[in-house]
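Below are the chains, spelled out letter by letter.
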Amino acid sequence: MAEAPAKRITDIGPPHHKKFLPPVILNNYGKWKYHEIPRPGVLLHVGETGDKLWSVRAASPRLIAIDTLRWYADLADKYAGGHLRFTSRNNVEFLVTEEKNVDPLIAELTAAGYPVGGTGNAISNIVHTQGWVHCHSAATDASGIVKCVMDELTPYFTSMKLPGKLRIALACCLNMCGAVHCSDIAILGIHRHAPAIKHDQVKKVCEIPSVVAACPTAAIRPATVEGNASVEVIEENCMYCANCYTVCPAMPLNDPDTDGVSIWVGGKVSNARTEPRFSKLAIPFLPNNPPRWPEVTEVVKKLVELWAADARKYERMGDWIERIGWPRFFKLAGIEFQKQHIDDFKHAGLTFKRSTHIRFDKA
Amino acid sequence: MAKVPTPKLDELEKGPWPSFVTEIKKRADKHAACSDLLGILERSYNEKIGHWKHGGIVGVFGYGGGVIGRYCDLPEDFPGVAHFHTMRVNMPAAWFYTSEAIRTLCDIWEKHGSGLTNMHGSTGDIIFLGCRTEDLEPCFAELAEAGFDLGGSGSDLRTPSCCCGMARCEWACYDTMGFCYEMTQHFQDELHRPAFPYKFKIKAAGCPNDCVASIARADLSVIGNWRDNIQIDAAEVTNYAKAGLDIAADVVNNCPGQCIRWDGKTLTIKDEDCKHCMHCINVMPKALRPGKERGATLLLGSKAPIMEGALLSSVLVPFIEMEEPYDDIKELIEAIWEVWCEDGKNRERVGEFIQRVGMGNFLEAIGLEPDPNMVAHPRENPYVFYNLNEEEESDE
Ligand code: HEM
Ligand code: HEM
Ligand code: SF4
Ligand code: SF4
Ligand code: SF4
Ligand code: SF4
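Protein sequence lines correspond, in order, to chains A and B.
Under the numbering used here, read the first sequence as residues 1 to 363, first letter to last.
Under the numbering used here, read the second sequence as residues 1 to 396, first letter to last.
Possibly wrong hints are sitting among the right ones.
To be verified - Listed next, with one range per pair, are the computed distances between beta-carbon atoms:
1. D107(B) with A218(A): 34 to 42 Å
2. W326(A) with D10(B): 36 to 44 Å
3. N253(B) with T258(A): 42 to 50 Å
4. T217(A) with I57(B): 24 to 32 Å
5. A112(A) with D29(B): 17 to 25 Å
6. P75(B) with P287(A): 27 to 35 Å
7. E76(B) with P155(A): 38 to 46 Å
As the list claims (entries may be wrong) - Taking lysine-lysine and the DSBU-like style, the derived pairs with C-alpha atoms no more than 30 Å apart in a straight line are:
8. K286(B) with K161(A)
9. K48(B) with K3(B)
10. K30(B) with K53(B)
11. K25(B) with K78(A)
12. K345(B) with K198(A)
13. K313(A) with K48(B)
14. K165(A) with K270(B)
15. K339(A) with K48(B)
Rather than coming from a laboratory, the hints here were simulated on the basis of the structure.
All C-beta atoms in this analysis are idealised placements derived from N, C-alpha and C, irrespective of residue type, glycine included.
Could you put together the complete structure from these sequences and hints?
Written out as structure tokens, the structure is:
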């Protein structure tokens, strides 16, 4: 086995999906008539032919062991003719053609600790990243915070009682692998310290012009330090994005005391009613407090509850804030508005209030 | 390495949400990488800092991407994760599997790696989490034997992904899965052998609900759309009204095009004012459906903040018919790559490149005409470029 095979198989791409689709889907491909959500976590699709398909959606921690995958495969065999899929938010779905299998499948999933839900006006899974499990860039952990936040929000996963959809995403650094910049609530790991520079290593492991070019705020310039060809960072211009570290291992930023989490709100990707928009900064900094991150979970829960109580039907987090205005949002959320909230990057002026449309608190 | 106590991580086995710690523990007795992953993660939880060394360039022969190399910075304490590389395996379109396919993947990964996975990475790949350098080639060979190839990483075409589209959604305006598969196969070389200034992603959504978030997470976002009239089933509209749906409040008042009328009996839509937002269809799926003349809107340029700030994709082609084998889209993609590969700077995403050279110039270079659908509004500043010499020449 140690030797590479004489003839390598390359460039075959993924298997064709039609090999994996259940017969009911092959027969109704592109010919679905309508769907219903008979209960949280279950979608019923009805084809032009009258064929029916129940999809049962269950929570997943995304980081899963093959033992669990094999159990999914067993469940699929037992209840779903051997057919399952994963969703774009990393939930697992079983594709069931016999209605009588729906309830026992749900019972088995629930009993094993995999809640069924995530459909309709629910809080579905949190799109998240690698964190301390696998990435050198991480200013916080991913899986840990996600677990803590979803432990608080599971009742919203298993029900559909919210005014609209609410999407939560997490990224452990500004590279933002995932959907953080376009989610209703986003949790983002941040640094608050300029990189430490290992001057004796820069020349050896980094390409100095690339490092200089990597800085969004032009805070880096070439310099000779202690006889080494290296770089220096103008600290007043550095906002700790870590892009220099991405291209140069000799410039680490990670710091247990100053790293932490910021909270963003109001992004969306769908075009329904209002156009897609970015998430905006709500809380500049919360500490890393493993294993439970109480400050983060409390704030996320509070934001969900505020929105759920005040938003009109269909209003996404961003639509709601647009209607009530940012000053009232900050007031209701009990968040102190700070200078960090005001944009100071390129074209920041576009984000300033440029009218007298101001709502005052009235007695 | 003997197992170390993990009191902090143990906390995360409590609570109703399925626990990643439980997942790792399921394999702690079976693979040294998993017990040492728990150990090093507990250390990170205590110290509030990650323990992975920067970068790591490993891969399989013949490919320039698909594997993320990773080494821990405490190899003496945690030898099981001294090497802990990730393999990205190209998933089937829209993540449909048979139990047999899942078991095949599990068997291969049990043999060659930690047995931990991400289902799935945010770009869409099956993530095989954690193996040693010497495991890469045999694992790759066995995957290929079973019909699976690696996905993308680095400055290449990343793994395209799509919503479940026609497989299970009545709103799909084109075959997202067929399109995704065709693009992946057609551009295998660009996917496996990085040759771009930076990464390039394609995502395919069947309608403007955009269930794969293509407008935010793909350089090329292909979003299904229709250009004729929304199909109305009057009888079903009546059923919704009878069942208690407040059509005036829930549908009419929420229509951003202000183009729906409901007189208590009949629902009419002035389709030339419809913005194709999907709201009315989302609310009344049995009564309303996208039109019959279907295709897609192509949008270009989305990316995360680094470096010049986050971007959403913007309209490049307002409407295009989606017929296999999608030759006109392939040509357009190749034209975009040609211009961007020629003039793009190192680590400059196509969205940033367009901002630098100007959308007008970019359109000219790829051979598209400007269209008012491409802008939210025309420019507000008068700093307008003309190249009169060129204009005069072309007048002669
Ligand atoms: C009620 C109408 C809708 C239906 C029938 C519908 C259909 C679907 C389907 C079939 C999926 C699974 C797709 C996949 O994983 O490939 C999905 C997931 C998703 N949809 Fe929609 N969609 C609807 C409306 C929307 C709207 C209005 C939004 C955004 C506001 C949206 C955003 C999403 C997201 C983010 C997911 C991932 C959810 C998860 O995996 O748990 N959808 N939707
Ligand atoms: C060594 C450090 C890194 C690790 C371990 C890492 C890990 C990952 C993984 C596992 C994925 C999912 C991949 C897939 O599904 O195929 C991903 C996606 C992504 N990565 Fe990274 N990444 C790293 C560095 C970066 C850097 C430097 C950037 C940006 C400059 C970046 C930006 C992204 C983005 C934007 C996505 C998600 C795109 C989408 O939603 O489709 N990552 N990353
Ligand atoms: S978001 Fe940053 S820290 Fe997290 S996986 Fe991506 S690059 Fe790594
Ligand atoms: S952390 Fe970011 S802002 Fe600071 S020097 Fe590095 S690249 Fe520049
Ligand atoms: S994007 Fe549209 S077609 Fe695709 S799954 Fe979502 S609602 Fe259906
Ligand atoms: S799709 Fe949107 S804009 Fe068009 S009629 Fe329906 S609600 Fe109005």
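Tested hints:
Remark: the range hint 34 to 42 Å for D107(B) to A218(A) is contradicted by a beta-carbon distance near 52 Å. Taking 36 to 44 Å as the suggested C-beta distance range, the pair W326(A) and D10(B) conforms, at roughly 41 Å. The supplied range of 42 to 50 Å is met by N253(B) and T258(A), whose beta-carbon atoms lie about 48 Å from each other. Evaluation of the 24 to 32 Å hint for T217(A) and I57(B) yields a pass: the beta carbon distance comes to about 28 Å.
Taking the beta carbon of each, A112(A) and D29(B) are about 20 Å apart, inside 17 to 25 Å as hinted. Our hint of 27 to 35 Å for P75(B) and P287(A) holds, since their Cβ atoms are close to 30 Å apart. With their beta carbons about 45 Å apart, E76(B) and P155(A) fall inside the hinted range of 38 to 46 Å. A C-alpha spacing of about 22 Å is found between K286(B) and K161(A), which places the hinted pair at or below 30 Å, so the restraint holds.
At roughly 20 Å between alpha-carbon atoms, K48(B) and K3(B) fall within 30 Å of each other, so this suggested pair holds. Among the hinted pairs, K30(B) with K53(B) is consistent with the structure: their alpha-carbon atoms are about 25 Å apart, no more than 30 Å. Only pairs whose Cα atoms come within 30 Å are accepted, and K25(B) paired with K78(A) is accepted, the gap being roughly 26 Å. A hinted pair counts as satisfied when its Cα atoms are at most 30 Å apart, and K345(B) with K198(A) qualifies at roughly 27 Å.
A C-alpha spacing of about 41 Å is found between K313(A) and K48(B), which places the hinted pair above 30 Å, so the restraint is violated. Restraint check for K165(A) and K270(B): the C-alpha separation of about 28 Å stays at or below 30 Å, so the hint holds. Using a Cα cut-off of 30 Å, the hinted pair K339(A) and K48(B) holds, with the two alpha carbons roughly 27 Å apart.
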